[in-house]
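Peer 1: Sequences and hints are given; from them, build the entire structure.
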Amino acid sequence: MNTTHSPAAPQPAHAPRLAGDLAIWIFILAELLAFGVFFAAYAFTRASNVALFDAEQLALSRNAGALNTVLLLTAGYFVVRAVQAAEHAADRIAGHWLAAAIACGTGFLAVKMFEYAHAFQADISLSSSPFHMFYLSLTFFHFMHVILGLVILIALWKNVRAGRYRLGDMNGLETGAAYWHMVDLVWLVLFPLVYVIH
Amino acid sequence: MQKQTTPDHGPQTHGTPRRATFQWIALILATLATWLVGQTGATGTAIVGLLAVISIWKGSVIILDFMALRHGPLLWRALILGWMALVWAVIGIAYWKALA
Amino acid sequence: MQYKSQAVAMPYFIAAIGLFVGQIIFGLIMGLQYIIGDFLFPAIPFNIARMVHTNLLIVWLLFGFMGAAYYMVPEEAETELASPKLALGLFWIFLVAGALTIVGYLLVPYETLAEMTGNNILATMGREFLEQPLITKVGIVVVVLGFLFNISLTVLKGRKTAVSMVLLLGLWGLAIFFLFSFYNPDNLVRDKFYWWWVVHLWVEGVWELIMAALLAFVLIKVTGVDREVIEKWLYVIITLALVTGIIGTGHHYFWIGAPEYWQWWGSIFSALEPLPFFAMTVFAFNMVNRRRREHPNKAAVLWALGTGVMAFLGAGVWGFLHTLAPVNYFTHGSQITAAHGHMAFYGAYVMVVLTIISYAMPILRGRAANPERAQVLEMWAFWLMTVGMVFITLFLTAAGILQVWLQRVSDTPMSYMATQDQLMLFYWMREWAGVMFFVGLLCYLVSFFVKGGTATPARA
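First to last, the sequence lines map onto chains A, B and C.
Letter 94 of the first sequence, counting from 1, is numbered 98 in this note's numbering, and no numbers are missing.
Letter 19 of the second sequence, counting from 1, is numbered 56 in this note's numbering, and no numbers are missing.
Letter 401 of the third sequence, counting from 1, is numbered 453 in this note's numbering, and no numbers are missing.
For the record, the hints were derived by calculation from the structure and aren't laboratory data.
Hints may be right or wrong, so weigh each one.
[Unchecked claim] Just a few of them, taken from the derived set where beta-carbon distance is under 10 angstroms, the chain B residues facing chain A: (1) Gln60; (2) His108; (3) Trp125.
[As the list claims (entries may be wrong)] Reference listing, derived: stretches of chain C covered by chain A, where coverage requires no fewer than 3 residues with Cβ under 8 angstroms from a Cβ of chain A: (4) 285 to 294; (5) 307 to 317; (6) 326 to 336.
In this text, all values refer to a predicted model and were calculated from it rather than measured experimentally.
Cβ atoms here follow ideal geometry from the backbone N, Cα and C, with glycine treated the same way.
Peer 2: Put into structure tokens, the structure is as follows:
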């Protein structure tokens, strides 16, 4: 709230504290559950179609997948820097970090769209094979999450520039940041699972 | 739930910029490792185990430091880390089933 | 009562309860027809009893939702209702049209009714739950649009809260999705698509928003917890409900000729449909535990908590039981579906309407809460109806499992009717559980007339 804590003041021992709202964490848990079920469905469907999955996986671009991983991780890092800057009341700098994160996230979307354009040219669709069904479903479901994450980051960027967050009153920023990191976390399983493991 | 009512938390909840930067570099290097494995086309139980370990390690950096659950309640830390472990356990079982 | 115009909710609530009684009577008749096939034949054949049972349910829930909106919206918007006269006029139109439709079902053969009501101009009749004659359907649209106009204007001129926005979103969705009932293509697959876009997107989509808004309103009132906290939960619940509900429509595309990937999309997202209900349960208990006041209306608090639990069980758990494509392959359209339908409708929508009635009725009658004795009787009604419904669900589930086993899984499958003979024991037990439910309903009716020594004076 209206704390007068200065960042340099000696710190008392801290009780465990959930960064972000309880409601968003319940939501994150629900999201992870949804992706978890999808991953399990992929893995077990692959187990009964190994040759097909391995052959069609080979046609994916691992370069694009790795580039996207780097973009998401970098965006996540920038969000962390933004939160740290806001804790030190450096709103302008926090805004810059968030803008950089938004740029990386947008880059992810661009790379993904090139991948999709390529796939559609090759007549890949939800009905063309079980692997394609999972590849398109999983990545598109994640794609939608990146878009939502970007909307949240843009809202945070506006708020940060308006100086809405302070040490001790970081709830909104931490809530949005936690969501973005969830989107990142899911991709860290998706990339090796769908693009690499065979 | 409501607006943060405990003013007693310091900057270290979200770590220092220096630490975050090192972690970011390590995460990128780990990604390159996964990519490299993909490029060589290597496979087998050991390789899949390695990829799982890399993914879990990367995930735990996100969970503990980026999401700041290192300083969060045990329950939530366990839930999210547990999700990561469970997902890879299931993928492992399915992979093993595919080999058999 | 804070605003005079909230009083228009009262006739809606009374009509809802009246039709509820009718619904249960037809339920009991039909339950007996499962056992004694020609009971009341030819006066009330099974298909007519079933139509009356389900249509009455839908109509009385609509009365309940409208009454709830008329009660809640002025209080949320902090202004009088735009037009109480319109609300009262629409009430009578809806009641008369609804009653005439039911009388039509009972007295005229269905095909004659279709001829009489212009089904040859635009064929909309004959589809399960949407059996209403064309003129009734048009009447529903007119009434609902008038109602939406009234409450939307009220919200626009007054305070806009998350609760009233979610309620409006749900009610507008209800109206818009109903329009699909006017389109009845010849192609059977396409016909099913449009049919599910009414039926599914109502009960597993927009009605959940209405339910969440009603529950949130009552919880704000009885617990005194900050609106801000309750609204946050509301956002989480409606997001989960919409995402899982809309994509979960896929669990109706498994066997109707839709592309195969729907088996995955439908299974996975509908498997997650319990989540919004789970969130509602956590929400209700969390808010009651953090209450800042002891509201004198204990019965309303009980209904609110009951809604959380029973909706999760009926809609969530019993829905999940048969939603995965490989399971549904065997259980589709069996008594397991009936078990889920009963507990889901009771736990989610019946109970949430009874929650708001329980909270609002005493206030509409000029007191904060009913006298102690009336509340005790109402709580008896709660337990009798709820336990009765749990038994109905369990017996139907048992019947369904046996049915699936004998008729579909077995190496030497039995015919449909031969299987039905094997289920008689469960049908008898279900009928007695239904009687228990009816006794609970009678207690509920009586509780409105119990007078106590000292009535609690109304606040504000």
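Peer 1: State for each hint whether it applies.
Peer 2: Results for each hint:
Because the closest C-beta pair between Gln60/B and chain A is about 8 angstroms apart, less than 10 angstroms, the hint holds. Below 10 angstroms, beta-carbon pairs count as interface contacts, and His108/B has one with chain A at about 6 angstroms; its hint therefore holds. A hinted interface residue such as Trp125/B counts as satisfied when its beta carbon comes closer than 10 angstroms to some beta carbon of chain A; here the least separation is about 7 angstroms, so the hint holds. With 5 residues having a Cβ less than 8 angstroms from any Cβ of chain A, the segment 285 to 294 of chain C passes the three-residue criterion, so the hint holds.
Given a C-beta distance limit of less than 8 angstroms, the hint that chain A covers the segment 307 to 317 of chain C holds, as 5 residues qualify and 3 suffice. Interface restraint, the segment 326 to 336 of chain C with chain A: holds (3 residues with C-beta to C-beta distance below 8 angstroms; minimum three).
Checked against the numbered hints listed earlier, the structure breaks none of them; every hint is satisfied.
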